[in-house]
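**Q** The residues making up each chain are set out below.
There are 2 protein chains.
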Amino acid sequence: MKINAQRLLQNLDRYAQIGKKGRIGVERIALSQEDKQARDLLKNQMIDAGLKVHIDRLGNMIGIRKGKSDVKPVAFGSHLDTVYSGGRYDGALGVLAGLELIQTLNEKQIETDKPLALVNFTNEEGVRFAPDMMGSHIYAGMADLNSILNSPAYDNPNESVGSCLHAIGYFGDMKPGAIEFDAYYELHIEQGPVLELEQINIGVVEQVQGIYWTRYRINGEANHAGTTPVYYRKDAGFTAAKLQKYIGEYTREREGTVLTTVGSVKFSPDAINIVPDTATFTLDVRSTDEALLKRAQKEIDEFIEETVSEDGLSFEREELVRFSPVRFPLVMTDTVQSAAKSLGLNYKRMPSGAGHDAQMMAHFCPSTMIFIPSVRGISHNVEEYSHDEDVENGANVLLGAVLGRSAIS
Amino acid sequence: MKINAQRLLQNLDRYAQIGKKGRIGVERIALSQEDKQARDLLKNQMIDAGLKVHIDRLGNMIGIRKGKSDVKPVAFGSHLDTVYSGGRYDGALGVLAGLELIQTLNEKQIETDKPLALVNFTNEEGVRFAPDMMGSHIYAGMADLNSILNSPAYDNPNESVGSCLHAIGYFGDMKPGAIEFDAYYELHIEQGPVLELEQINIGVVEQVQGIYWTRYRINGEANHAGTTPVYYRKDAGFTAAKLQKYIGEYTREREGTVLTTVGSVKFSPDAINIVPDTATFTLDVRSTDEALLKRAQKEIDEFIEETVSEDGLSFEREELVRFSPVRFPLVMTDTVQSAAKSLGLNYKRMPSGAGHDAQMMAHFCPSTMIFIPSVRGISHNVEEYSHDEDVENGANVLLGAVLGRSAIS
Chain P
13 MKINAQRLLQ
23 NLDRYAQIGK
33 KGRIGVERIA
43 LSQEDKQARD
53 LLKNQMIDAG
63 LKVHIDRLGN
73 MIGIRKGKSD
83 VKPVAFGSHL
93 DTVYSGGRYD
103 GALGVLAGLE
113 LIQTLNEKQI
123 ETDKPLALVN
133 FTNEEGVRFA
143 PDMMGSHIYA
153 GMADLNSILN
163 SPAYDNPNES
173 VGSCLHAIGY
183 FGDMKPGAIE
193 FDAYYELHIE
203 QGPVLELEQI
213 NIGVVEQVQG
223 IYWTRYRING
233 EANHAGTTPV
243 YYRKDAGFTA
253 AKLQKYIGEY
263 TREREGTVLT
273 TVGSVKFSPD
283 AINIVPDTAT
293 FTLDVRSTDE
303 ALLKRAQKEI
313 DEFIEETVSE
323 DGLSFEREEL
333 VRFSPVRFPL
343 VMTDTVQSAA
353 KSLGLNYKRM
363 PSGAGHDAQM
373 MAHFCPSTMI
383 FIPSVRGISH
393 NVEEYSHDED
403 VENGANVLLG
413 AVLGRSAIS
Chain F
13 MKINAQRLLQ
23 NLDRYAQIGK
33 KGRIGVERIA
43 LSQEDKQARD
53 LLKNQMIDAG
63 LKVHIDRLGN
73 MIGIRKGKSD
83 VKPVAFGSHL
93 DTVYSGGRYD
103 GALGVLAGLE
113 LIQTLNEKQI
123 ETDKPLALVN
133 FTNEEGVRFA
143 PDMMGSHIYA
153 GMADLNSILN
163 SPAYDNPNES
173 VGSCLHAIGY
183 FGDMKPGAIE
193 FDAYYELHIE
203 QGPVLELEQI
213 NIGVVEQVQG
223 IYWTRYRING
233 EANHAGTTPV
243 YYRKDAGFTA
253 AKLQKYIGEY
263 TREREGTVLT
273 TVGSVKFSPD
283 AINIVPDTAT
293 FTLDVRSTDE
303 ALLKRAQKEI
313 DEFIEETVSE
323 DGLSFEREEL
333 VRFSPVRFPL
343 VMTDTVQSAA
353 KSLGLNYKRM
363 PSGAGHDAQM
373 MAHFCPSTMI
383 FIPSVRGISH
393 NVEEYSHDED
403 VENGANVLLG
413 AVLGRSAIS
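Read top to bottom, the protein sequences are chains P and F.
Okay, so the first sequence: first residue is 13 according to this note's numbering, each after it adds one.
Okay, so the second sequence: first residue is 13 according to this note's numbering, each after it adds one.
Each hint should be verified, as a subset may be incorrect.
Note that the list lumps identical chains together, so a pair holds whenever it fits in one copy or between two copies.
Below 30 Å or equal to it, Euclidean Cα-Cα: the simulated DSS-like pairs (lysine-lysine) are [unchecked claim]:
| # | residue 1 | residue 2 |
| --- | --- | --- |
| 1 | 33 | 278 |
| 2 | 32 | 55 |
| 3 | 48 | 32 |
| 4 | 33 | 310 |
| 5 | 310 | 257 |
| 6 | 78 | 64 |
| 7 | 187 | 55 |
| 8 | 64 | 32 |
| 9 | 33 | 246 |
| 10 | 246 | 360 |
| 11 | 310 | 246 |
| 12 | 33 | 257 |
| 13 | 360 | 306 |
| 14 | 246 | 84 |
| 15 | 64 | 187 |
| 16 | 246 | 278 |
| 17 | 55 | 14 |
These are calculated hints, taken from the structure and not from any lab test.
Predicted model only: the values in this text are computed from it and were never measured.
Isolated chain P (complex conformation) (with noise of 0.2 Å):
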């Protein structure tokens, strides 16, 4: 059995008309307008495929179709926001294909032993409120709701994750968690360049990787370019420098088993003739092994802190994010294998670079992912691209993965 790839194709097309932008792009910001018409027209669709849909207090939606026996849901989704300036696979396709399967189904008149919950999470990408990955976050038990409903817009504090569900009339009244899952899957693009260039058809999501985001600021003094000798100056930016090639070389003599990157730097005045008086930088330190993480987190900061202080100046430091790795079950990966398989699909089982609703609720059932290439790796832009022929294969893996687990053996 297969899924229709063309409704899928053009039912994504579909979505990606509300908020569209650039040529093939998308923009809908989590509890905007444009994120309300796609949910409601989720709804609707969920409703014709003959769910019961039931929306939380935190807007997370969830359909449920009924299986033979009584028991946990096999769950399987995303979600529907993007980021600014996003792409249309970001999301969109791992409730899509979802959605399809659904579709598939029913037309098959296939009752699964299990029933089956296709979910829709609120705010994954946390571009107007924190945290990211706040629907499943708060779903899988794993924050304060009340706190998080307070959560005001980063541009307008007169705007919090409560009021903004209100407006779009996605304040339900479930409460989150309420539906146990037997399992959850998530469908996503890689985001990155691996399967294309080792021509992959399917990753099979093993681990994602932990996060830590962390905020450096280095204090130091401005001073004429022209006029300050070399051994008066406190040059906050010669010393950023360092610490930024430092941490540039701490990934590349790991190979990988450590990613840090500096995304973001900031001088001040940031004028061409003032030695800077401050240059604030980020780092972002990832790995699929916590011990790594925290070492590599650590030799960091060991450096920073030996570095700044040999050369007379002081520094501050801000944890943004600690988020630990996380491994999804083998009962999990191995569906997910075995629908790749008899499918003829080539696959890899590799970890995910970046965070996903999978990994918080990895917290809450046994749950895994699904990968398909990314052109060029490129993601969170308006040119996010995955062929039409990888979507489809990805909605087979899934429906494959799904009826495997929702099977009572």
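Following the hints, complete the assembly by docking chain F onto the known chain P.
**A** Just chain F now, with coordinates in the frame of chain P:
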């Protein structure tokens, strides 16, 4: 003979009220209403002091005091304009000490052999209109007046130097450079920490450093920090960090013979979880030795080219400023040194790290500068400060040097 320190300090304070900013600072942008007010006050004070005032077509103000002989006047002065959030000494000191010198000679009824010329140059700072040192640039015949008059404001393309000169009533009828000078002296604050650190009263300025400004843009590729393997990255930020570190070490290894500074750095897209696709940074290179200056620029350019190429990236390079070093003649610096000596002040022969009108005037007539200590080297800042005693010493040295030069032997 000495100047009247109290009168000079009071006059400095009077001008500091025009565009007052902060506790003791000033913001008096060239060709602004504040500049007009300060110019009007100076014009009246020049007339009161018996000077014949000439305004040239770029608004440069020259007040002539007759001498016993009808020869070229000995000139001295500086500028009344400031940077945004500037100080009360940078520029105004040289003009007002010159005025004080004339008032002192008037009181003592002393007629010098050569005539004297007090000068206020237009737009030394170049805050709203390029280039800086504009008035002296044109007075010395180093650029075309008409193209400078058409130079638009950075912040408003509808305003030009010419239109603003008309608006404040300082578009004069004298051809710039029409009054030739026997010599040009400029008293100025050091704007660096050296005199204060070494407890020196007077800087005898032998040279002005050459200045090269260049902007580099390193081009890489934006990629997800979590999903992009190291071997696939084109991290413009990492490459830029290596270049910045090299530039910082370059000057430190050369112990002040060449100063190199990276004052401005910008990443794009400048996000914590995105490998930056571009890193733009500026290079400020200075030296009193043109050969060293050129070699530094060449060696840094070569290192940038090699490193960027090794990293598989590309770069662009934009030359912003190329000023050659200027050496002031011994016959001029010796008059300053003698004046300091005869006042019992200690002095240091030193270069100027910053650019000044005197470096332009050096192409027009024998020129030099006198520096007094800047507290903590702070300048281009509302907290710019020099002790009253140093202001007094500087003005007395100016008086002594001008008297030395104005005698016909």
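**Q** Hint by hint, note whether the structure agrees.
**A** Here is what the structure says about each hint:
{"no.": "1", "hint": "33 to 278", "verdict": "both (29 Å within a copy, 26 Å between copies)"}
{"no.": "2", "hint": "32 to 55", "verdict": "within (20 Å within a copy, 63 Å between copies)"}
{"no.": "3", "hint": "48 to 32", "verdict": "within (14 Å within a copy, 53 Å between copies)"}
{"no.": "4", "hint": "33 to 310", "verdict": "neither (41 Å within a copy, 45 Å between copies)"}
{"no.": "5", "hint": "310 to 257", "verdict": "both (17 Å within a copy, 23 Å between copies)"}
{"no.": "6", "hint": "78 to 64", "verdict": "within (9 Å within a copy, 101 Å between copies)"}
{"no.": "7", "hint": "187 to 55", "verdict": "within (18 Å within a copy, 79 Å between copies)"}
{"no.": "8", "hint": "64 to 32", "verdict": "within (29 Å within a copy, 70 Å between copies)"}
{"no.": "9", "hint": "33 to 246", "verdict": "between (45 Å within a copy, 26 Å between copies)"}
{"no.": "10", "hint": "246 to 360", "verdict": "between (50 Å within a copy, 25 Å between copies)"}
{"no.": "11", "hint": "310 to 246", "verdict": "both (25 Å within a copy, 26 Å between copies)"}
{"no.": "12", "hint": "33 to 257", "verdict": "neither (36 Å within a copy, 40 Å between copies)"}
{"no.": "13", "hint": "360 to 306", "verdict": "within (27 Å within a copy, 54 Å between copies)"}
{"no.": "14", "hint": "246 to 84", "verdict": "neither (62 Å within a copy, 46 Å between copies)"}
{"no.": "15", "hint": "64 to 187", "verdict": "within (16 Å within a copy, 88 Å between copies)"}
{"no.": "16", "hint": "246 to 278", "verdict": "both (16 Å within a copy, 20 Å between copies)"}
{"no.": "17", "hint": "55 to 14", "verdict": "within (24 Å within a copy, 90 Å between copies)"}
Checked against the numbered hints listed earlier, the structure breaks hints 4, 12, 14; every other hint is satisfied.
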